[in-house]
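Taken in sequence, the protein lines are chains X and R. For the first sequence, my numbering assigns the number 97 to the initial residue and increments by one for each residue that follows. For the second sequence, my numbering assigns the number 223 to the initial residue and increments by one for each residue that follows.
Take these hints with a grain of salt, some might be off.
Below, a sample of chain X positions facing chain R; criterion: calculated Cβ distance under 8 angstroms [what the hints assert, rightly or not]:
| id | residue |
| --- | --- |
| 1 | D103 |
| 2 | R111 |
| 3 | D112 |
| 4 | V116 |
| 5 | A136 |
| 6 | Y138 |
| 7 | V147 |
| 8 | H148 |
| 9 | G151 |
| 10 | N152 |
| 11 | Y155 |
| 12 | H160 |
These are computed hints drawn from the structure, not numbers from a lab. Note that beta-carbon positions come from the ideal geometry of N, C-alpha and C, so glycine has one too.
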Amino acid sequence: MDFGIKDNVIAVITRDEKAVSVATVPTFYAKTEQQQEAIAFYLSKVTTGMVHDLGNGCYVVVKH
Amino acid sequence: MKEYTLTILIPLMMGIIARLYMMRIDFRQYPSYPQGLVSHLTLGVIAAALGSVAIPALIKKEYAAVTFLALAAQQFRDVRNMERQSLDNIEPTELVPRGTAYIEDIAKAFEARNYMVIITALFSSITIHSLGSMNIPKLVVYGGSILVGFICLFLLKGLLGRQNIAEIADVIPAEIDFDGPLLKANGTVLMNVGLKQSRQLYLDKGMGVEIIPKDPNASATLATIGQRQAIIHNVSAQLGIRLDIGEPDFTPMARRNLDNGNIVMSIVPMERDMGLLIEAVKRTPVLETTKRKPLQSKVGSKTVKREE
């Protein structure tokens, strides 16, 4: 059996600190969009999750 | 025993031919070759033997033997279980899963094929014995039995034949584009792709099709997740797929347009050929387990009249 956290936001990558309220989920801050993109990419590789763009400067990694 | 040798052997052969005729090793690699093939052939021979000895056993008044035949026929119900289990076991190792509906469909088909073998052998055997009791030359009797066997075979094959998507729906190319992070095909949202490089790859190498059901029956059939998964599995098995574990961005998707019931599908195949993609979708069988016919219900038929 394959156990793990599924269908949940497992990380948030943001450029806007105010956009994320409580950090129940690991949150990563990026200075530029490029950096944000890179962090999201690396995280998706580590977690085998998928990166989604929320459009407000936040990326979330979700494992489906 | 000698009197029954040919009258058993001919139906037996017809049964085996029936099994071989229904055994297709194609791109699906199912039944798997060589082990899967051998086990199914063996079961086919046993089924053929059951069908061919039933009538001689009755004629000899061996009622106990007939009871045993019924018992043996029960074993073929296990064929479905066997197939289902084996496909379920390899499901997690598939890059693009078949889906449980497809598995159930395959398992049912294998069970039905064994019954088909029994029926073919049985009818062939009935012909031999009924013609044999008349005053007809032996050669005609055997010829007749073989003929009935073949007729049975083709009729049953026709009966077990499945529709494919081309018969219930039209398939047209769909334009893939992005609205912000949202991947769209012909205007229907498929998913949210966050990474820019993934979006670019979709624009460069991705393809989309739209499946337009021909009537509300087809629309209900295509709405089932099992049927959609079967289409996705078949397409990626034939065109190849740009996908790996840890690369969920390129998972092929089939989503329903809620306004009209059309299915839009996105895929990043290895072989980028729209003609082949449409062909692959069209050739996917309509699964027996997902087939819906709402129009045949009282309520369903009324909704259509109102629309008219």
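Going through the hints against the structure:
no.	hint	in the structure
1	D103	violated (12 angstroms)
2	R111	violated (13 angstroms)
3	D112	violated (16 angstroms)
4	V116	violated (16 angstroms)
5	A136	holds (6 angstroms)
6	Y138	violated (11 angstroms)
7	V147	holds (3 angstroms)
8	H148	holds (4 angstroms)
9	G151	holds (6 angstroms)
10	N152	violated (11 angstroms)
11	Y155	holds (5 angstroms)
12	H160	holds (6 angstroms)
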